[in-house]
Every structure is written in C-alpha cells, then in structure tokens.
Amino acid sequence: MSTNKEKKIFILAGEPSGDYIGSSLIRGLRLVDKEIIFFGVGGPLMLKEGLVSKYDMNDLNIIGFLNYFKNYKKLKNLLDQIVKLIILEKPKAVITIDTKGFSYELAKTLKKTFSVIGIKCPLIHFVPPTIWAYGKSRAKKWKNLHDNLFCLFKKEEEIFQKLGINCVYLGNPVIEKFLNLANSNDNLTKNKSDLIGEKKFKCFLFPGSRDSEIKYILPEFFSLIKTFNDKQIKINWVIPTTRYHFKEVSNKIKKLIHENDVQAIVLEKNYDLLKEADIAIACSGTITLELALFKIPTIAVYKTDILSASIGRMLVNFKNVILPNFLVGEDFVPFLFQEKCTAHNINKFLKAYINKIEEKNHLFKINSNKIVKNMNYTDTSEFNFSKNSGNKIIEIINAYKY
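Using our numbering, the letters of the sequence shown correspond one by one to residues 1 to 402.
FYI, nobody ran anything at the bench for these hints, they're computed from the structure. Since the model is a prediction, treat every value here as computed from it, not as a measurement. Careful: at least some of the hints might be erroneous.
Dumping the calculated BS3-like pairs for lysine-lysine here, alpha-carbon to alpha-carbon at most 27 Å [unchecked claim]:
id, residue 1, residue 2
1, 140, 112
2, 141, 76
3, 73, 48
4, 90, 76
Given these sequences and hints, build the entire structure.
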C-alpha cells in the first residue's frame, strides 16, 4: 500500500450498533497502517476515529416494510450516489456493516458494475442476516455475494458453515467492551452513582434508535409512566436515547412531566449509564444483549406498523428473535410484540419483575455468564475484535488480485 489512492477504504454503517462496530474496525486497521484513509457513511463514533462521512447515517436507519416502500426513491438515489462515489475513489476494499437491505443492494449493484467497467475490489460485510431469527432462506441470496462475510457470534458461524456459506467469527466488540468494564468494576449493577438520584427505583426505557421504532414504542412508554401507580414502589424513569433523537425525545418528556406528576429524565445513551439501571424495558435489538451482559433484568418490546407486523409474523422465528435468548438457548427475556406491547401489559410485567427482583437479578447474572462463555470469551481472554478484524482485512487486501 504505497499511494494515497491505494490506502482508501470505504466503510458503511447505518445505525448506532453498526457505528460502534465500524469504529472498532477503523481502530484495528489503524494498528496495521496509520495512513489509511477511511470514507463512506457512519455515525459519531466512526467520525471520531477519522472517517470522512459523505452522507447522514440516519438516512439508512430505516426498518419496516412500509417505511422501506415510502423511502424507496430516497434510498435508491442514495445508493446511486454511493456507487458513483466508490467508482470515483476506487478504494482497496468496500466494507458494509449490518443495514442488511441497503448493504445487500449496494453489494449486488457494485458486483454487477465492477464486472461491466472492469474494477476489482473486495466486498466485505460484517453482521450477516439473522438467519437464526428469519430462517435459512434469507441467507441463500447472500451466498457468493461478498468476497468475505464476518459474523459477531460463534453460534452464527456454525449455522452458516452448515449452509455452505463461508462466514467467519472474529470476536465481538460489544462483549469486549462489557468485559473491559467488568474488569474495572466487579460489581457493575450495584455501583450506583448520583447521576440520576439514589432514593428511587431506576427503570430504564429504551424506545429504539430508529424513527419508526420511536414513533410506535415511545407513546406506550409515556402511557406507562403516566399510569404506573403503586404506593409501595417509587420509580425514577430514565430514557436513554441516541444523540440524533435526544432533542426530540427531551421535548416530549418535558411536556409529559409538565402535565403529569411524574419524575423522568432523558439522557444520551452510553455504557457507563447502563450500569445505573435496576430494571429495563427495551426495544428488541442489540440493546437487549448489552443489558443482559450488565445483568440488568430486562423486558423486551417491539411495535411497528400493521403491514410490517403482519409480514414479520410470517417471516420471523419469535423464539430466536431476542438475541440473549438465542445465545443462551432459553427464553429468560420476555418479549411483548405488537398488540402485546401496550402500557397495560408492560405495567404487569414490570410489577412482577419488581416483586421478584432478587430472583430476576440472579437469573440475569447466571445467563450473562453463559453468554460470555458461549461467545468463547473468558475473563482472561485477549480482547481482540479490532486487532483480528484489522489484520484480516489487510490480509484480504494484500492477497486480492486487483
């Protein structure tokens, strides 16, 4: 890698979890070559690591069939612009992270375009389709699409290999972040600060990171806050949210507090904040894994438009859809989906959790340890996702026949 042109790598992430993975990738690649230029699409964490982001990551953060159709023209226009940018810059690798619908279309378009105009460049993807939740058929169209496919869970690697799809596990930055924090603080869930008050039970509400998730889930959370009534249980409600949605959620919670005699606060989500929770109610996604690792008793929820929910019921294996349940092989995190995701139902589950909080703390502690063990990590493991991924990508670039 000798010229500036040869040192360019394109990276794309479309949501906060992908932004976190992308920042770890960039750090790992910089360990090998500090002069690599990174450009593409990313969030604040990737920008902090030096990514030149040409577009707003949140433009890709779309979920649900109805929302996809509504935004089709916008996404198609963005796809065309990104393809043109990649052709112009001629990077030594194109890396996509999660954002499966857009990443799939980008890889398919690039593969066809590269073939026509004679460009050669490895297509690399991290976080493949969740076939353990959506079924094996979803993985078939990904076979032979990328030059390299990498997953974040050892269990996934085994499933893909059985389907004849070469998918490699290099570690998991979320697990490693947790283990680093655990090593610096042996009692994560009990080390409470005065960040959000000491006297009341702290219930964290995670409404999701996408506009559509917040649209449907946040109103149920607000209704829960307004209607929760128990003289024996005093609660401090905390709503951690992304930087992108912070202002919107803050304005809404101010109105709620003004109109109702409740105490609630909105904070920007970070790992130090998670350990403050006594209990959590979270939109289905990576956050459920993070909370399980922090041993926080959690109730998972999800709500979307009627069309997306109906199609989801036909496609999704709900037994495996909650990540910590899949990794442990046990439904220890309850899941309230669509019509079950109401303030009334959440209220019932929350009170049941609180009444058996010691039992729930013990259950989540046991399963947190199981997750770490099943991920092939131990307390003395080398925390190596950045290092492994950086070395592997450079190895791919050096071996590729351009």
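Evaluated hints:
As the CA atoms of residue 140 and residue 112 are separated by approximately 18 Å, the hinted pair is consistent with the 27 Å bound. Using a Cα cut-off of 27 Å, the hinted pair residue 141 and residue 76 holds, with the two alpha carbons roughly 20 Å apart. Distance check on the hinted pair: residue 73 and residue 48 sit about 30 Å apart at the alpha-carbon level, beyond 27 Å; violated. Distance check on the hinted pair: residue 90 and residue 76 sit about 21 Å apart at the alpha-carbon level, within 27 Å; holds.
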